[in-house]
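*Asks:* Using the sequences and the hints given, assemble the complete structure.
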Amino acid sequence: MASLDYDGAAHLMRRMGFGGNPDEIDDLASRGREGAVDYMIGYNQIDNSAMDSLLLQSFDFLTPPVDNNQLNNGEIRRWWFTRLVHSKRQFEEKMTLFWHNHFATSSSKVQDFLMYNQNLTLRQYALDRFDTLLLKVAQDPAMLVWLDGTTNVLGASNENFGRELQELFTMGINDVVTGQPNYTEQDVKEIARAFTGWRFNTVRQGGTITYNFFIQANQHDNTSKTIYGQTLNFSGEDVITLVSARQATARYLVWKLFNFFVYPMTTSSADKATIDKFATIYLNNNHSIKTLVRAIFTSDEFFSDRAFFSLVKQPVELVVGAIRMLGGVYNPGSNINGGRTSNTLSTSARNQGQDLFGPPDVAGWDFNLGWVSTATMLERFNFANTYVNNRNTTNPGIFVTNDQLKSITKGSTKKTVKRFFTRLGPLDVGGDTRKMLQTYLETGDNGQPVTYVNDDATVDKKIRGLVHQVMCLPEFQSN
Amino acid sequence: MPVNRRQFIKRSASAVSLSLVLPKFWMGGLARGQGIDATSRKIFVVIQMAGGNDGLNTVVPFTDSRYAALRPILGFKESELKDAQGNSMILGSAPFGLNPAMTEMKSLYDSGKAAIILGVGYPNANLSHFLSTDIWGTANTNGGLGSGWLGRYADQKLLGQSGLSAVNIGGSLPKALFANKVVIPSITSFNAYTYQTDERFRGDRNNQINTFHATNTRDFPVDSFAKAISEAGVDAADGAAQLQTAIAAYTSTVHYPVTGEATAQVISFANTMKMVAQIVTTIPEANLLYVQIGGFDHHSQEIGTAADNYTNKTLGQHANLLKAVSLGVKLFYDDMVEHGLADNVVLMTWSEFGRRPNENASHGCDHGTGAPLLVVGNPVQGGKLYGEQPSLSDLDSAGNMKFKVDFRSVYATILDKWLGADSQSVLGASFGNVGFLG
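The listed protein sequences correspond, in order, to chains A and B. Note that the first sequence covers residues 3 to 481 in my numbering. Note that the second sequence covers residues 81 to 518 in my numbering.
Derived from the structure by calculation, the hints contain no laboratory data.
When the alpha-carbon atoms are kept at most 35 Å apart in a straight line, the in silico DSBU-like pairs for lysine-lysine are as follows:
1. B/482 - A/227
2. B/484 - B/497
3. B/484 - A/191
In this text the structure is predicted, and so the values were computed from the model without any measurement.
*Replies:* Here it is in structure tokens:
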């Protein structure tokens, strides 16, 4: 059993979750590498009752009778951000986010109550066999609406799902190892025919709403189709089984998991060998996502130098991590009995380029440098400013208290800056840069030098400013 | 255990590598007209219509014998090609009509300020949004890899110029503007574009700004994420204040619609064009502007509303978006006229592909190929059609139109005839002159 040090445990928390405080990181480190990963993956065993209570107090739609108006644009986002910050089952949230990006569906076209329902489907099957997850997503109302499944009929098929199923959800346009094309335009057309007639209905009963998938037989093309050179009367479910078993799918899923959780992949032969190593695990383990991700997170690749801080933080990671790592607070408020609510985290993440439930298109978000523009950088900096400067701790919103900041602050500027580097990372920042921040602590208004004293007034002004500046470092933008 | 310097600040392993040199954009402040000869300005505005605009319902080939058969529900009859006021949308004596929503574009066409290039595409068209958008953005038909065509233009012609010479209106930089050397700012709203510090302690603001500057102007290795991020951050913070001051000087009598006066998309795009107007009229070196309008991927419900079962061609998603483009461009054009810049501006629309001639059963169309592209401005030899409309009786094996004009020749025409660049070096090869700029 490999050991796990503080940096490694923090890395695991940032990647498998959204970052943690020192207690959480220490606890994870004490479990060793495999133990820590098993703990994070076995999240159903983790007590999440505190979050469950908070959700019930904060969201009217969690208590029947439910009306779809309650599941609106702002509310479903406030719900998910509350989970992201407060859940002790962090990997459940991160894996759901991975699948949300992978099966990117957007509230720009799909009603928010169906987007919420899709989120429940994603998290229910997040670690299942890939075939099962893919089938459940394909039959889920949100996807049927998003990619026009509901109007895909015998005799005039709609190619949207047939194309994106292959291009984005399973194999990619070209095999990520060989570069060979994975399908033809004819395959797109034939696959589209296999999914004709796929529909859902809505059942309202006893104050709850459920959605049921069914196939409208007289709109389904029940004749033979030729897909990847094989001719059979393929049903949609047959197609899913067929595509899930392809080596190109195994490779593409590994490639996506590595890019999201480990490091940016290149087309080098070493990276291709890595892809095939893990693709084999998928193929040899009945396409189990759980087995595959366990192998990835316990791997030497995941803990290599190349992996640490190699990704640009997604906006959601930045805003949620800022709360979790620093010991700040996100009070979502409650709309029960007409209370006030806060959607600060969702709004800022959206302005930084990542609107949960609203990816830009079916290919999902553009990662790493895709997050970086002058507008989004300003939003990152301004989020940090808003966070550290909210002194209203009564109303719903995000804040960090003076007491919390004081508990991290030390008597010397050097130790103080280092402590904040650790809490907000641990960030690997050189001495020269650390000294720039120490100088900031020792500079008063109008640029005059002052003696640093860690009293309440300094905490409220300069320490808050210090946190803002640390969150503006390029190093802080990395995960 | 001490950790080594990590990948983030080492060379990035990412396949997309941008080596960014500190731009001179904000150094020395905005030129504010010093030494800039306004009459020589060549402003170029690119309008990306994202999703695959249905060209056949934008410029309607109503005399093509196959059009009605392929578009039984979506297709326009000749008698339907008139706008809400009853004015004909037919383009002179040519057998084409503009979609009825585009009444403003029609008036620009009739007064010789807009030209239409028919049948634009490229060989072996790719029907993936993302690949085809990359192909158009990079002008690289072999996989769409590399820098953007306008990024390469900016690296050649704009690097070293002081002031703000190029702006993207939007939150993420489009592929077309990916450059190797210059940083092109992206702006979503002028209000949000400032570096904020604690209002309670204004005396500390300069300390924060100085600290921010110091930590973000460190040397990072070429190709590292840290380098790209720090440069974007500095560019943003430094440029923000200067931009706010500059655009505060904008005045205009042109009325861009506000809430309640039009649909959300029409208002949104009009205000995007207003931002372009605010920038070009107050910042004399700002000559390359890029905007986007999305939502054109009409696989279903392209026309009409629920009330008419998606059959009313004068209403619906596509009509609404075309109205947004048409009105937005016209308001912007009027603003240029008011500011004496009408002779200095050329606009171009583009979309990553057209749509399938044969409509589907969802009242939409799947992805297609060759589609028309619009170019607008006083310098344009407008009121004419360029290129050639692909015949609907000669479709390819996938049922798509055969393109007639390579999009790179449209780019070449703009680069050579308007931007004073060498199209061959920007595009990597020679493409013909389409003719809309003489």
